[in-house]
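S.K.: Taking the working numbering, I'd label the letters of the sequence shown as residues 2 to 241.
Incorrect hints may appear among the rest.
Label-pair restraints from in silico Cβ distances [to be verified]: (1) Val122 <-> Thr95: 15 to 23 Å; (2) Ala154 <-> His134: 33 to 41 Å; (3) Thr158 <-> Glu192: 28 to 36 Å; (4) His73 <-> Glu141: 32 to 40 Å; (5) Arg215 <-> His134: 19 to 27 Å.
With a straight-line Cα cutoff of 20 Å, these simulated EDC-like cross-link-like pairs (lysine to aspartate or glutamate) come out [what the hints assert, rightly or not]: (6) Lys120 <-> Glu135; (7) Lys120 <-> Asp99; (8) Lys120 <-> Glu141; (9) Lys120 <-> Asp130; (10) Lys120 <-> Asp159; (11) Lys120 <-> Asp151.
It should be emphasised that the hints constitute simulated quantities derived from the structure, not laboratory data. Ideal placement from N, C-alpha and C gives every residue a C-beta, glycine not left out.
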Amino acid sequence: MSSAAPSPEVFRTRPGNRRRYTPDAQAEVDRLTAAGEESGWLSPLAYNLTISHSHRFVWYRVAKVATRTIRHHCETHGVSMDVDHAMRVRYPLTAFADYYTFAFVRDPLDRFVSAWHDKVVDHNYYDFDPATHERMQVVEEFARWTAAQDLSAVPGTDQHLTLQSRMIDLNRVDFVGRLETFDRDFAEVCERIGAPAVPTAPRNQTAPGGRDRRVSDELRELVAHMYRRDYQMFGYEVPA
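Could you build the full structure based on these sequences and the hints that come with them?
M.R.: Written out as structure tokens, the structure reads:
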């Protein structure tokens with residue numbers, strides 16, 4: 002078995018299924034996995050990735066943080082998404098060592114309330130039974146349910162609730178932008194990858210700034226506890 006580093010261009014997702022690697026890409030992952038963990042070929046953890054070979058970037062996608070807006074911008078301005086919407090995949094570290102890596106994060110309380118509105122109030126994304134779904138219309142109830150989960154587990158926890166710090170390879174990311182300063186930060190990313198820095202209206206109506214700041218003390222405490230690592234890593238002010 003060859004131990005040569007793979008070409009980054011091998012890694013693509015399927016035209017008919019943008020969440021899965023092509024057979025050739027999956028075979029390469031399998032080859033690297035078989036080489037053993039000690040080889041260090043693959044990232045130790047899995048991430049949700051979008052990769053462009055034409056513009057040489059790796060985007061660590063964080064759900065509920067302008068993902069539709071960024072993807073729409075890429076589609077509109079001819080930026081290839083060769084790995085389009087890969088879910089929970091490991092990637093070869095050496096192959097992408099010279100690719101620009103970025104991610105966007107958001108105030109954890111804003112993100113949690115946005116997820117609740119979208120996935121519980123507007124939809125029954127978590128397939129709750131009718132009585133439970135009715136109870137979950139109260140955001141504190143949903144927060145209590147969420148608090149019982151391991152939010153660092155990937156796979157295992159829904160991507161809309163997972164710790165943002167777990168969805169980014171923090172040892173290798175070049176730039177972490179914020180939703181709160183999206184226009185400025187995304188313009189910096191566009192300049193770096195060679196894409197037009199054209200302001201784009203958010204594709205998700207809850208972003209940015211979609212949360213009413215008048216929230217209960219219980220919700221603040223629950224979110225502060227659940228997302229303590231995100232507050233620490235990204236410097237957001239813990240809700241008080």
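S.K.: Each hint: holds or not?
M.R.: A quick look at each hint next to the structure:
| no. | hint | in the structure |
| --- | --- | --- |
| 1 | Val122 <-> Thr95: 15 to 23 Å | 44 Å, violated |
| 2 | Ala154 <-> His134: 33 to 41 Å | 24 Å, violated |
| 3 | Thr158 <-> Glu192: 28 to 36 Å | 34 Å, holds |
| 4 | His73 <-> Glu141: 32 to 40 Å | 33 Å, holds |
| 5 | Arg215 <-> His134: 19 to 27 Å | 24 Å, holds |
| 6 | Lys120 <-> Glu135 | 13 Å, holds |
| 7 | Lys120 <-> Asp99 | 37 Å, violated |
| 8 | Lys120 <-> Glu141 | 15 Å, holds |
| 9 | Lys120 <-> Asp130 | 14 Å, holds |
| 10 | Lys120 <-> Asp159 | 11 Å, holds |
| 11 | Lys120 <-> Asp151 | 19 Å, holds |
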